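Guided by the hints, dock chain B onto chain A, whose structure is given.
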Amino acid sequence: NAGVTQTPKFQVLKTGQSMTLQCAQDMNHEYMSWYRQDPGMGLRLIHYSVGAGITDQGEVPNGYNVSRSTTEDFPLRLLSAAPSQTSVYFCASLTRGAGELFFGEGSRLTVL
Amino acid sequence: ILNVEQSPQSLHVQEGDSTNFTCSFPSSNFYALHWYRWETAKSPEALFVMTLNGDEKKKGRISATLNTKEGYSYLYIKGSQPEDSATYLCAQYSGGGADGLTFGKGTHLIIQP
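Sequence lines, in order, name chains A and B. Anchor point for the first sequence: position 6 equals 9 in our numbering, and the numbering is continuous, going up by one each time. Anchor point for the second sequence: position 58 equals 74 in our numbering, and the numbering is continuous, going up by one each time.
Bound-form chain B, shown alone:
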């Protein structure tokens, strides 16, 4: 994998259901993996920054896991709510400032009431 790839591109989920999506990244030159939530008409905000293989982080109903050896991270949302509707971006950081960040194209999540 040469780029950061996210799947699916978009996702419609019923309110109350749980969901997850994937970020795949090159396992070479790895320093950190970021997840951002980007709501419409706002700026992206960091959800998680993970650096160690096997890292698991949680914030409320949202959690993320990291596997640096195989080059993937999962983001999970439990009991989706309308306010979870957003684009979720992942980015791999290989150090050295902004030039070391490679973004995926995002997963656009829509929660249907």
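Chain A extracted, bound-state conformation:
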């Protein structure tokens, strides 16, 4: 099992560009989520999904879109990147029972 695979690991964007962070899991978890980590802010939930076709907003959803067409994949889209979106992004899947999180390796995004 690869667990949660997240790409790319690093990306530099210019303001206004768009991009997609990819996330895939092979553990057949129904629940998936995206977080961003900023200094002094801890982990903040961007969007989450409780199953294929179902997504919802977390604490900081503005500027991001998600979709969940399959159980395995949960991509995060930045439609028009802004410097405030410079951050480290983590994708995670959760077990249905006790909600244990399995994280991807993280994606460091810099928006100039």
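I should point out that these hints are in silico values taken from the structure, not numbers from a laboratory. On a predicted model such as this, the values are computed, not experimentally measured, just so you know. Every residue gets a Cβ at the ideal spot worked out from N, C-alpha and C, and that includes glycine. Don't take every hint at face value.
Said to hold, decoys possible - Residues of chain B clear of chain A, computed beta-carbon distances all greater than 10 Å:
id, residue
1, Ser-34
2, Ser-59
3, Gly-76
Stated by the list, open to error - Simulated DEER-style distance windows between Cβ atoms:
id, chain 1, residue 1, chain 2, residue 2, range
4, A, Thr-18, B, Thr-67, 40 to 50 Å
5, B, Gly-95, A, Pro-86, 37 to 47 Å
6, B, Arg-77, A, Ser-21, 27 to 37 Å
7, A, Gly-100, B, Tyr-92, 20 to 30 Å
8, B, Gly-95, A, Ala-85, 23 to 33 Å
9, A, Gly-100, B, Glu-99, 27 to 37 Å
10, A, Arg-47, B, Gly-111, 13 to 23 Å
11, B, Pro-42, A, Asn-31, 27 to 37 Å
12, A, Asn-65, B, Lys-73, 31 to 41 Å
13, B, Thr-67, A, Asn-31, 18 to 28 Å
14, B, Gly-76, A, Asn-65, 36 to 46 Å
Here is chain B on its own, set in the frame of chain A:
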């Protein structure tokens, strides 16, 4: 307690010493309590997931206890080693997916050789 609170925020411990830190959480809507270890430049990894009042779990030199009635959990590290240096996050889970997770801000542990 409305939020998940961890103390202390940071901790310097001499190699070989034992240490412990605290996670306090709301005792209502409780489903599980998670502890994660988060090393610099890596992603968080689960240490323990506990659901029952009185749970005690152990992994090597690290152990954790849970008191759901009073809303706290302790994490203990025995004989600290440099590789224990990390941020330790706790999170309360009240069910329903990622929206049901509330994280503390973490305890940043530095082990000094």
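Broken hints, by number: Result: hints 2, 6 and 8 break, sorted rising.
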